[in-house]
Amino acid sequence: MKSPLLTSRRKATGALALVTVGLLAALTGCASAASTGGSTSATAFKPVTQSASSEITVWADSTRLPAVQAYQKSHPNVKMNIVTYDGSADGSTYLQTKVQLFDRTGKGWPDLVFASPTDVTWASQPTSKGAVPFAAPLDSGKLVPQATLDNFAKGSLSACQFNGNTYCLRNDIAQVVLWYNKTLMDQWGYTVPTTWEQYEALGQKVATEHPGYLVGAVGDTNSQESYFWSSQCPAQQLQKDGSLQVNLQAKDCTRMASLLDTLISAKSVSTQGFFTQGFDGSKVLMANGPSWYGQYLFNSAFKTPAGQIAAANPLTWAGESTAATGNVGGGVWMVSSHSKNLKAATAVATWLTTSDANLTNAPTYPAYSPGAKSWLANPANKDYFATDISGPFQKAADEVWTGWSNTKFSDATAWSSVVLPGLTAGKSLTDLLPAWQTAIVNEAKSVGYTVTTK
Amino acid sequence: MTIVEPERVTALTTKLARRRGIPRRRAGLAGYLFVSGYTILLLVFGIIPTGYAVYLAFTNDQGQFTGLNQFIKVAQDYRFGPAFVNIFIYLVMWLVLVIVLTTLVAVILRARMKPGLAAVFRFLYYIPGALAGVASVLVWLFMLDPAVSPASGLLRALGFDNFSQVLAPENLPVILVLIAFWTGAGGWIVVMYGALNNIPEEVLEAARMDGAGPWQSAWHIQIPMIRKWIVYQSILAFAAGTQLFVEPQLLQTASLGRVSPTWAPNQLAYVFAFQHGDFNGAAALSIFLLALGLIVATILVTRSGLFKVDDE
Chain H
269 MKSPLLTSRR KATGALALVT VGLLAALTGC ASAASTGGST SATAFKPVTQ SASSEITVWA
329 DSTRLPAVQA YQKSHPNVKM NIVTYDGSAD GSTYLQTKVQ LFDRTGKGWP DLVFASPTDV
389 TWASQPTSKG AVPFAAPLDS GKLVPQATLD NFAKGSLSAC QFNGNTYCLR NDIAQVVLWY
449 NKTLMDQWGY TVPTTWEQYE ALGQKVATEH PGYLVGAVGD TNSQESYFWS SQCPAQQLQK
509 DGSLQVNLQA KDCTRMASLL DTLISAKSVS TQGFFTQGFD GSKVLMANGP SWYGQYLFNS
569 AFKTPAGQIA AANPLTWAGE STAATGNVGG GVWMVSSHSK NLKAATAVAT WLTTSDANLT
629 NAPTYPAYSP GAKSWLANPA NKDYFATDIS GPFQKAADEV WTGWSNTKFS DATAWSSVVL
689 PGLTAGKSLT DLLPAWQTAI VNEAKSVGYT VTTK
Chain D
20 MTIVEPERVT ALTTKLARRR GIPRRRAGLA GYLFVSGYTI LLLVFGIIPT GYAVYLAFTN
80 DQGQFTGLNQ FIKVAQDYRF GPAFVNIFIY LVMWLVLVIV LTTLVAVILR ARMKPGLAAV
140 FRFLYYIPGA LAGVASVLVW LFMLDPAVSP ASGLLRALGF DNFSQVLAPE NLPVILVLIA
200 FWTGAGGWIV VMYGALNNIP EEVLEAARMD GAGPWQSAWH IQIPMIRKWI VYQSILAFAA
260 GTQLFVEPQL LQTASLGRVS PTWAPNQLAY VFAFQHGDFN GAAALSIFLL ALGLIVATIL
320 VTRSGLFKVD DE
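Here the protein sequences line up with chains H and D, keeping their order.
With the working numbering, letter number 10 in the first sequence gets 278, and the count goes up by one each step, no holes.
With the working numbering, letter number 200 in the second sequence gets 219, and the count goes up by one each step, no holes.
Hints in this document: simulated from the structure, not taken from any laboratory.
Hints may be right or wrong, so weigh each one.
To be verified - To give an idea of the interface, some chain D residues facing chain H are shown, with a C-beta separation under 8 Å as derived from the structure:
{"id": "1", "residue": "81"}
{"id": "2", "residue": "85"}
{"id": "3", "residue": "88"}
{"id": "4", "residue": "92"}
{"id": "5", "residue": "96"}
{"id": "6", "residue": "181"}
{"id": "7", "residue": "182"}
{"id": "8", "residue": "188"}
{"id": "9", "residue": "192"}
{"id": "10", "residue": "218"}
{"id": "11", "residue": "221"}
{"id": "12", "residue": "227"}
{"id": "13", "residue": "229"}
{"id": "14", "residue": "233"}
{"id": "15", "residue": "296"}
{"id": "16", "residue": "299"}
Stated by the list, open to error - Far from chain H, by Cβ distances over 12 Å, these chain D residues were calculated:
{"id": "17", "residue": "143"}
{"id": "18", "residue": "154"}
{"id": "19", "residue": "253"}
{"id": "20", "residue": "256"}
{"id": "21", "residue": "262"}
To be verified - One side of the interface only, derived from the structure: several residues of chain H facing chain D at Cβ under 10 Å:
{"id": "22", "residue": "301"}
{"id": "23", "residue": "369"}
{"id": "24", "residue": "373"}
{"id": "25", "residue": "375"}
{"id": "26", "residue": "377"}
{"id": "27", "residue": "390"}
{"id": "28", "residue": "476"}
{"id": "29", "residue": "545"}
{"id": "30", "residue": "549"}
{"id": "31", "residue": "550"}
{"id": "32", "residue": "678"}
{"id": "33", "residue": "681"}
{"id": "34", "residue": "685"}
{"id": "35", "residue": "686"}
{"id": "36", "residue": "688"}
{"id": "37", "residue": "711"}
Every residue, glycine too, gets a C-beta built ideally from N, C-alpha and C.
With the hints as extra help, turn the sequences into a complete structure.
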């Protein structure tokens with residue numbers, strides 16, 4: 269009685285298996301799953317219907333907010349809606365996430381945004397087939413005159429340039445200089461190093477003579493830009509053919525890794541970040557870092573009294589003639605290609621990035637060269653420091669190494685989620701270079717780069 | 020047969036009612052009305068999005084049918100394996116902890132405490148659950164940072180001198196389980212307590228008269244009798260566990276990137292959708308999670324007879 273039932277069941281199972289196999293075979297031979305977004309086909313920019321009275325929405329981070337509010341105050345006729353957001357700091361993808369959604373819903377884009385240079389890499393290209401790139405090309409249609417663009421610091425607009433167009437105005441640059449506590453240096457009779465070798469030697473000396481004091485820290489999300497960018501390490505160097513070179517075994521990377529390893533094991537370089545909760549700023553003798561460290565790290569975060577902190581020229585390597593330094597951040601302003609009032613939005617962007625009215629009191633070092641001069645001429649930007657910072661700032665601004673490319677992915681992710689936990693676990697930077705390399709390569713490939721590792 | 024079966028009685032009364040001309044629809048209408056709110060929400064926020072995700076997962080961004088290619092693509096992504104390994108480790112720890120401990124606590128509250136005191140404890144356990152996910156993560160960010168934690172002495176005794184050491188990759192499943200347990204266990208303790216209350220007092224009394232101690236009655240009487248609740252809890256806890264998102268995402272931001280932004284599969288789907296602009300790949304990932312949840316639920320339901328109606 270049971271056998272017919274069993275055979276029929278077996279038959280059914282067999283049939284089901286056949287159908288499944290057939291279905292799988294049919295399913296796998298179909299259209300490509302590759303996303304077509306981000307194609308480089310540059311179609312001429314066509315603005316939407318313009319309306320001179322249309323309100324403009326401006327997204328700015330909290331640091332840049334007062335400047336936007338100042339514009340509104342001095343231009344009461346312009347209808348503005350000012351929104352604060354994270355400004356894409358520390359690898360945040362908030363803006364990108366939102367624009368992806370706006371592209372899908374077809375509305376909601378802000379007219380003008382403060383963003384990180386990384387954002388320009390995706391904003392200059394369509395997020396999907398048929399979408400218009402978020403950023404408007406500012407040089408086409410004469411939105412911003414060429415003469416204005418020419419006045420930006422050398423290389424500072426390269427982060428904005430794609431396919432021969434300029435998609436953003438650089439707000440500020442964050443050239444890396446050597447910060448030091450002059451009071452302590454004088455008290456202990458130390459001379460300020462000019463080369464990395466002297467820096468390393470002094471770091472070891474500090475470790476023995478004044479244990480607990482620091483000449484640097486590598487635990488921040490952007491420490492790799494202060495150190496490895498300054499060392500001209502090809503961690504993410506775009507080649508002429510569009511491929512990305514990632515080679516952390518290059519001499520320029522390993523020399524910095526071993527220098528830091530020496531100082532980390534001597535305990536004069538911390539694996540914690542300067543911006544970690546509860547970091548003791550009074551123990552910081554030196555810090556190789558961006559121009560904004562002065563106000564934002566020493567003055568605001570560490571509350572170091574005025575007249576103690578000074579800046580020195582970027583460090584060089586013994587025997588190397590080309591001075592090079594890093595760059596840690598520095599924002600950009602992008603005008604939305606969907607804006608109904610391009611003229612008003614561009615006017616705000618131009619005022620924010622090039623006008624003396626704004627730049628003289630800007631919180632960070634302006635990328636617009638005439639503006640940088642007025643900024644340095646303003647005593648309020650300098651009277652906190654022990655010495656005049658103008659020299660090192662101007663020198664460093666011209667020495668930013670251009671080989672650390674602005675890529676579609678943030679360099680903070682691999683550093684923070686792979687290298688920093690490894691350092692915390694007690695591994696050395698030299699040991700971690702391969703893992704860091706793999707993380708960068710994987711990330712680069714996932715956003716579509718062809719990667720070379722030689 | 021002299022005993023009238025209940026079904027027959029109902030059938031009879033309905034028949035009679037119909038004959039008398041009372042509209043039967045009224046009762047039905049109220050029923051529909053009661054479920055309509057849920058049904059509409061389920062459709063709008065459950066069924067339709069799921070259908071849309073299925074559609075996206077089998078097509079590309081031009082709407083062309085891609086078969087399984089989206090699934091193959093996301094499965095080959097370098098972040099896919101680590102994310103599923105992470106969630107697997109988390110799930111094992113979380114399920115064991117939540118099932119064993121909540122049942123244990125409920126049994127203790129039920130058997131070893133006066134009802135008034137038990138109520139106080141149930142309330143205390145439930146409080147953290149009233150906090151939203153975000154708030155509870157913030158509480159733990161404070162608890163786990165030796166610089167500010169009220170338990171910093173304990174953290175330092177365990178060898179954690181700073182927050183980055185606490186957030187080492189190998190500690191993350193434990194941290195996330197802690198947060199999940201702290202917020203989720205209270206609700207389950209209340210449910211389990213309710214389940215234990217359903218056991219007739221005579222059964223427990225009979226056990227006592229046969230000489231069973233509290234642990235014996237718990238193990239041989241109470242736990243077997245609330246088995247279905249435990250299965251139900253496992254299904255829901257598993258589904259919630261695979262969808263882990265808010266906690267690792269917030270830890271990632273708060274730790275300034277020391278936690279991988281694609282720690283859990285749901286975060287990977289988020290990155291696919293919002294950073295790569297690949298909604299189809301994200302949908303394929305979400306279907307993986309859906310399938311996983313459905314398979315586990317099916318196994319648990321069929322093996323436990325969860326929905327079998329007792330015919331006594």
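Note to self: residue 476 of chain H was flagged as interface toward chain D. Is the shortest Cβ-Cβ separation under 10 Å?
What the structure shows: Where the cut-off is 10 Å and the nearest Cβ of chain D is about 22 Å from residue 476 of chain H, the hint is violated.
Checklist line | Hint status (Cβ of residue 549 of chain H to nearest Cβ of chain D, threshold 10 Å) | finding: violated, 14 Å
Margin query: Is the interface hint satisfied for residue 227 of chain D? The criterion is a beta-carbon contact with chain H at less than 8 Å.
Written below: Interface hint status for residue 227 of chain D: violated (47 Å vs cutoff 8 Å).
Notebook entry, point to check: Does the nearest C-beta of chain D fall within a distance shorter than 10 Å of the C-beta of residue 377 of chain H?
Noted result: violated, 15 Å
Margin query: Quick check on the hint: residue 369 of chain H CB to chain D CB, less than 10 Å?
Written below: holds, 8 Å
Next item on the list: Have a go at the residue 545 of chain H hint: is there a Cβ in chain D nearer than 10 Å to its own Cβ?
Entry: Status holds, d = 5 Å.
Next item on the list: Against chain D, run the beta carbon of residue 550 of chain H and see if the smallest gap drops under 10 Å.
Entry: Result: violated, 16 Å to nearest chain D Cβ.
Item checked: Minimum beta-carbon distance criterion (8 Å), residue 192 of chain D to chain H -> violated, 14 Å
Next item on the list: Using 10 Å as the Cβ threshold, decide whether residue 688 of chain H counts as touching chain D.
Entry: holds, 6 Å
Note to self: Using the nearest Cβ pair, does residue 96 of chain D come within less than 8 Å of chain H?
What the structure shows: It holds, given that the least Cβ distance between residue 96 of chain D and chain H is near 7 Å, below 8 Å.
Note to self: Quick check on the hint: residue 711 of chain H CB to chain D CB, less than 10 Å?
What the structure shows: holds, 9 Å
Check: For the hint on residue 296 of chain D, does the least C-beta distance to chain H fall short of 8 Å?
Finding: holds, 4 Å
Hint check: violations occur at hints 9, 10, 11, 12, 13, 14, 24, 25, 26, 28, 30 and 31; the rest are consistent with the structure.
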